[in-house]
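There are 4 protein chains.
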Amino acid sequence: MPIKVPADEMAEFLDEVFPQVKGMFGIDRLDEDLLVMRLHASEQHLRPGGTVSGPAMFSLADVAAYVATMARIGKEALAVTTNCSIDFMRKPAAGVDVVAHAKLLKLGKTLSVTEVLLYSEGSPDPVARANLTYSIPPAR
Amino acid sequence: MPIKVPADEMAEFLDEVFPQVKGMFGIDRLDEDLLVMRLHASEQHLRPGGTVSGPAMFSLADVAAYVATMARIGKEALAVTTNCSIDFMRKPAAGVDVVAHAKLLKLGKTLSVTEVLLYSEGSPDPVARANLTYSIPPAR
Amino acid sequence: MPIKVPADEMAEFLDEVFPQVKGMFGIDRLDEDLLVMRLHASEQHLRPGGTVSGPAMFSLADVAAYVATMARIGKEALAVTTNCSIDFMRKPAAGVDVVAHAKLLKLGKTLSVTEVLLYSEGSPDPVARANLTYSIPPAR
Amino acid sequence: MPIKVPADEMAEFLDEVFPQVKGMFGIDRLDEDLLVMRLHASEQHLRPGGTVSGPAMFSLADVAAYVATMARIGKEALAVTTNCSIDFMRKPAAGVDVVAHAKLLKLGKTLSVTEVLLYSEGSPDPVARANLTYSIPPAR
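Protein chains in written order, with UniProt numbering: chain A, 1 to 140; chain B, 1 to 140; chain C, 1 to 140; chain D, 1 to 140.
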C-alpha cells in the first residue's frame, strides 16, 4: 500500500484539520513499512510525577492510526475512529517523549486496522499497545 | 458493593490527584447502581464543528471507571488503567456536554471492570461505549 | 429498530447457515429491547471442573451479536464480525447453561455495535461481558 | 524472559489440562522472540465454504497467549484469560491451517499481555489480530 502523502505534507494537513492540537505531535518517519510519531509532552499531558497521562497516550495512538490511513487514501478522503482497544503496560518514563510505532494491517474499502506500540523514548519495552479501526466513508 | 467515598468528597479528591484536569469533569450522581459524570467541554476538547474529540471522550470514560472503582475501595488505595476498549458510534452533538453513565461490573482483589455509555446531553442514543479494566495494586 | 425476523424463524436460519453448530444455541427472547440466547453446554465446550470454556463463551457472544443484527436487517443481508472485545470476569458455575443478554447499540449502514452480558443461569453477577462490531456489506 | 518449558513439554501439558481440545493445536516454534502455533482445522471449526470460524480463531489466539505465558512462569503456576480484543480482517483461505504468531509484550507479577497475528498458512497478510491479557493468581 504505497504512501500518497509524504510526512511533511501530512504534518501540515494535521495542523489544518486539528488546529486544537497544533504542535502536539511530530512525524519522525512515514513509509510503507512503518510510521513513527511522537508526542511532544507538555504540562497538560502530564500526571503528577511528570509521566504522560493515559488520555495523551490514547491521543497519540489515535492520531498515528489516522495518519497511517490518510497517508494511503489521500487527504481528500475522510476517516473516523470507530474502535480502539488499548493496553497500558508500564509507567512511562518521566521527562522524555512518548514515541509511537504504527503499522497498517489492513486497508479495505470501508475500514482500516492499525496496530500501535508506544515507547518512552530510549526504552526497549513498550509502555502501551493499541489497535484502532477507522471507518472510511464513501467519497462524496 | 457499597460506596465508601460520596460524590462531593470524590470530586475534591479528583482535583487533588489530577490537578491538570481540574474543572474538566463533574459528578452528577454516585451510588451503588450508577455513576453519572460529565465533561465540561472547553475549546481544547473540541474538533472543528464544535463536537467533542475522541480523546476527550476517552478521558471521560477513563475517569468515570476510576471514580467507580475508587469510590468503593477508598481513597487510600491505588488504581491504574490497564485496558480500555472504546467504540465511537455517533458524532456528538455540538455545544452540549457529553455525559457518562458508568456501571461497575466487577470488583475483585486485583482488578475492577467498568462499563460506560457516553451520551450527548439530551440525546437518547449513545455516542460511544467503553469498557475499562483497572488494576488495584496491593496496599503498601 | 424493529425486528424483521422473529425468534423461531431466526433459529431455523441459524441452523441453515451454521450447520456445524446446530443445536448449540437457543433463543429465549428476541424483541426491540433485548435478545436473550443460551449456550446448551455439551462436553466439548467444558473445561475440567465442568465449567464452560472461554471460546464457547466467545461463540455465544458472537452469535448473539449476529442474531441481534440480522433480526433487524433481514435474512437476505450479510454480516461478518470485524471486532470483539471480551472480558472474562468470573468463573462460570458448573452444570448450568450460560445465558447472554444482548443489546444492539447501533445499526448503521455499514456497521452494527452490540453489547453482551453473559450469566451463569440463576446467578446475578455476569461471568463475562463483550462488545462486538459487525460489518454489513452492501447488498449485491 | 527466558523459556522455562520447551515446546514438546508444553504440548504434553496442553493435552493434560485441556483434554477436550487434544490434537486441535500444534506448537511449531517456542523461543524468547516468538511463539508459532497452528490450528489443525477439522470439520467442527469450519464454516460453509471450508473456512475456519471466528470462534476457532479466537481459540487459537487464546491458547497461544496461554502458552506464551505459561512457558515463562512454569507449569505449576496458573493463568486465566481476563481480556481479549480481536479484529477479523480477512476471510481465511479454505483448506489450509491457520497459524498464530504470538509475542509476549509484558510479564508482570499479576498480568501478562500477548499480541497475536493469525495467518492462513502461506499467505503474507494476516487474517486476524488479537491482544490478550492473562491474570496470574498468586502461588498457593
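Some hints could be false.
Counterexamples of contact, computed for chain B against chain D with all Cβ distances above 10 Å [to be verified]: (1) 2; (2) 9; (3) 11; (4) 17; (5) 25; (6) 32; (7) 38; (8) 40; (9) 42; (10) 76; (11) 77; (12) 95; (13) 97; (14) 117.
Part of the chain B face toward chain C, derived, beta carbon under 7 Å [to be verified]: (15) 85; (16) 87; (17) 89; (18) 105; (19) 106; (20) 113; (21) 126; (22) 129.
Don't read these hints as lab results, they were simulated from the structure. Don't be surprised by glycine CBs; every beta carbon is placed ideally from N, CA and C.
How the hints compare with the structure:
1. Every Cβ of chain D is farther than 10 Å from the Cβ of residue 2 of chain B; the closest lies at roughly 25 Å, confirming the non-interface assignment.
2. Every Cβ of chain D is farther than 10 Å from the Cβ of residue 9 of chain B; the closest lies at roughly 29 Å, confirming the non-interface assignment.
3. Here residue 11 of chain B stays apart from chain D, with its beta-carbon at least about 30 Å from theirs, past the 10 Å limit.
4. Every CB of chain D is more than 10 Å from the CB of residue 17 of chain B (nearest about 23 Å), matching its label as outside the interface.
5. Even its closest Cβ contact with chain D, about 25 Å, leaves residue 25 of chain B beyond 10 Å, as expected for a residue assigned away from the interface.
6. At roughly 24 Å, the least C-beta separation between residue 32 of chain B and chain D is larger than 10 Å, which holds for a residue marked as non-interface.
7. For residue 38 of chain B, the non-interface assignment is confirmed: its Cβ lies about 27 Å from the closest Cβ of chain D, beyond the 10 Å cut-off.
8. Consistency note on residue 40 of chain B: stated as away from chain D, and its beta-carbon is indeed over 10 Å from all of that chain's, at 30 Å minimum.
9. Residue placement check: residue 42 of chain B keeps its beta carbon more than 10 Å from all beta carbons of chain D (closest about 31 Å).
10. Distance to chain D confirms residue 76 of chain B as a non-interface residue, since its nearest Cβ pair spans about 20 Å, more than 10 Å.
11. Distance check for residue 77 of chain B against chain D: the nearest CB is about 15 Å away, which clears 10 Å, and the non-interface claim stands.
12. Against the 10 Å criterion, residue 95 of chain B stays outside the reach of chain D, whose nearest CB is about 33 Å from its own CB.
13. With a closest Cβ-Cβ approach of about 29 Å to chain D, residue 97 of chain B is found to remain outside the 10 Å limit, as its non-interface label requires.
14. With 10 Å as the threshold on Cβ separation, the claim that residue 117 of chain B sits away from chain D holds: the shortest Cβ distance comes to roughly 19 Å.
15. Look at residue 85 of chain B: its Cβ gets to within about 4 Å of chain C, closer than 7 Å, so that hint holds up.
16. Using the Cβ-Cβ criterion of 7 Å, the hint placing residue 87 of chain B at the interface with chain C is satisfied: the shortest such distance is roughly 5 Å.
17. Given the 7 Å rule on beta carbons, the hint for residue 89 of chain B holds: about 4 Å separates it from the nearest Cβ of chain C.
18. Taken as an interface hint, residue 105 of chain B checks out: its beta carbon lies about 6 Å from the nearest beta carbon of chain C, inside 7 Å.
19. Because the smallest distance between the Cβ of residue 106 of chain B and any Cβ of chain C comes to about 4 Å, under 7 Å, the interface hint for this residue holds.
20. Of the supplied interface hints, the one on residue 113 of chain B holds, with its beta-carbon coming within about 5 Å of a beta-carbon of chain C, less than 7 Å.
21. At its closest, the beta carbon of residue 126 of chain B sits 6 Å from a beta carbon of chain C; the interface hint therefore holds under the 7 Å criterion.
22. Checking residue 129 of chain B against chain C: minimum C-beta separation of about 6 Å stays under 7 Å; hint holds.
Against the hints set out earlier in the document, no violation occurs for any number.
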